[in-house]
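Going down the list, the sequences are from chains W and H. If you count the first sequence from 1, position 107 lands on 107 in this note's numbering, and the numbers rise without skipping. If you count the second sequence from 1, position 33 lands on 33 in this note's numbering, and the numbers rise without skipping.
No lab work stands behind these hints: they were computed from the structure. Bear in mind the structure is a predicted one, so any value in this text is a computation, not a measurement. Do not rely on the hints blindly, as some may be mistaken.
[As the list claims (entries may be wrong)] What follows is a list of derived Cβ distance ranges for each label pair:
| id | chain 1 | residue 1 | chain 2 | residue 2 | range |
| --- | --- | --- | --- | --- | --- |
| 1 | H | Ile125 | W | Gln58 | 21 to 31 Å |
| 2 | H | Gly50 | W | Ala93 | 33 to 43 Å |
| 3 | W | Arg80 | H | His60 | 13 to 23 Å |
| 4 | H | Met106 | W | Phe17 | 25 to 35 Å |
| 5 | H | Phe80 | W | Arg97 | 43 to 53 Å |
| 6 | H | Glu102 | W | Arg75 | 16 to 26 Å |
[To be verified] Facing chain H, from chain W, some residues (calculated, C-beta under 7 Å):
| id | residue |
| --- | --- |
| 7 | Thr39 |
| 8 | Phe41 |
| 9 | Glu42 |
| 10 | Asn49 |
| 11 | Tyr81 |
| 12 | Thr82 |
| 13 | Leu86 |
Beta carbons are placed, not taken as given, at the ideal position from N, Cα and C, and that holds for glycine.
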Amino acid sequence: MSGKLLLAYHSSVGDVFKALADPTRRAVLDELQDRDGQTLFELCTRLINRHGVGSSRQAVSQHLDVLEDAGLVVRRRAGRYTFLHLDTAPLRAITERWPTDHREAPP
Amino acid sequence: MKIAMTSVLVDDQEKALRFYTDVLGFQTRHDVPLGTHRWISVVSPQSPDGVELVLEPDAHPAARPFKQALVADGIPYTAFAVDDLQAEFTRLSGLGVTFTQEPLQMGPATTAVLDDTCGNLIQLIQIANT
Numbered sequence: 001m002s003g004k005l006l007l008a009y010h011s012s013v014g015d016v017f018k019a020l021a022d023p024t025r026r027a028v029l030d031e032l033q034d035r036d037g038q039t040l041f042e043l044c045t046r047l048i049n050r051h052g053v054g055s056s057r058q059a060v061s062q063h064l065d066v067l068e069d070a071g072l073v074v075r076r077r078a079g080r081y082t083f084l085h086l087d088t089a090p091l092r093a094i095t096e097r098w099p100t101d102h103r104e105a106p107p
Numbered sequence: 001m002k003i004a005m006t007s008v009l010v011d012d013q014e015k016a017l018r019f020y021t022d023v024l025g026f027q028t029r030h031d032v033p034l035g036t037h038r039w040i041s042v043v044s045p046q047s048p049d050g051v052e053l054v055l056e057p058d059a060h061p062a063a064r065p066f067k068q069a070l071v072a073d074g075i076p077y078t079a080f081a082v083d084d085l086q087a088e089f090t091r092l093s094g095l096g097v098t099f100t101q102e103p104l105q106m107g108p109a110t111t112a113v114l115d116d117t118c119g120n121l122i123q124l125i126q127i128a129n130t
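Could you put the whole structure together from the sequences, leaning on the hints where they help?
Given below as structure tokens:
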């Protein structure tokens, strides 16, 4: 039981690391940080213009699947449209494991 | 050879004519009864002899799934040029128009994407004077 929980913990944190490991996926998070709630079209436009990412819409969509699995991106259906939202909550697992704010900076 | 006409596939021609004239500001060029539908085209008041936009019925069974797939991903079907995108965005928002993309500057171009209420997304684009 505890082994299963441990596995679940590791796999969910692992997904975040895997999601962050790719520069295109980090660019996706940068652009959603700049403006939350974009269509796939807007995101692709931004990736091409600001990051030189010429990936196909299908490839970007696959990156979004990985980010969604890691909980970093939420696809929200609103009527006939789908908007993409950033959720940075999973990143907390990283700073909870390796806190950044409890140690004094070295002299 | 020159491009004289282009078209958008609309779910309701009368509603489309109202939107493209009353809201967007185009002028009716042709409005001819044609069986169960009409042959309707509009032009820009800035170029009344320019390209006509035909408001064509989307009655073909393949048309609606195609349109829905584009809309779901936020992809505009066509684009219109504007002189002042921010002003048009403010004006059209005031008229209740839904934008799926607010003005976004990318290099020399600023774009926004609106819903034409007839099943299409339309991009507005302003190219900076060089």
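- Is the distance from the Cβ of Glu102(H) to the Cβ of Arg75(W) consistent with 16 to 26 Å? 19 Å, holds
- Have a go at the Asn49(W) hint: is there a Cβ in chain H nearer than 7 Å to its own Cβ? 4 Å, holds
- Item | Interface hint for Phe41(W), Cβ within 7 Å of any Cβ on chain H | 4 Å, holds
- Given a hinted range of 43 to 53 Å, is it respected by the beta-carbon distance of Phe80(H) and Arg97(W)? Once the Cβ atoms are compared, 51 Å apart, the range 43 to 53 Å for Arg97(W) and Phe80(H) holds.
- Between Met106(H) and Phe17(W), does the C-beta distance stay in 25 to 35 Å? Check passed, 31 Å falls within 25 to 35 Å.
- Task: Closer than 7 Å between Cβ atoms is the bar; does Glu42(W) clear it against chain H? Give me holds or violated.
- Result: 5 Å, holds
- Message: Just to be careful: measuring from the Cβ of Leu86(W) to every Cβ in chain H, is the smallest value less than 7 Å?
- Response: Result: violated, 16 Å to nearest chain H Cβ.
- Item | Verdict for Ile125(H), Gln58(W) (Cβ pair) under range 21 to 31 Å | 25 Å, holds
- Query: Was the hint right that Thr82(W) lines chain H, CB cutoff 7 Å?
  - Reply: 5 Å, holds
- Was the hint right that Thr39(W) lines chain H, CB cutoff 7 Å? Hint on Thr39(W): holds, closest Cβ of chain H at ~2 Å, below 7 Å.
- Does the Cβ-Cβ separation between Gly50(H) and Ala93(W) fall within 33 to 43 Å? Given about 57 Å between the Cβ atoms, the range is violated.
- Let me know if the C-beta of Tyr81(W) comes in closer than 7 Å to any C-beta of chain H, holds or violated. At 5 Å from the nearest chain H Cβ, Tyr81(W) passes the 7 Å test, so the hint holds.
Violation of the numbered hints given earlier is confined to hints 2, 13; the remaining hints are satisfied by the structure.
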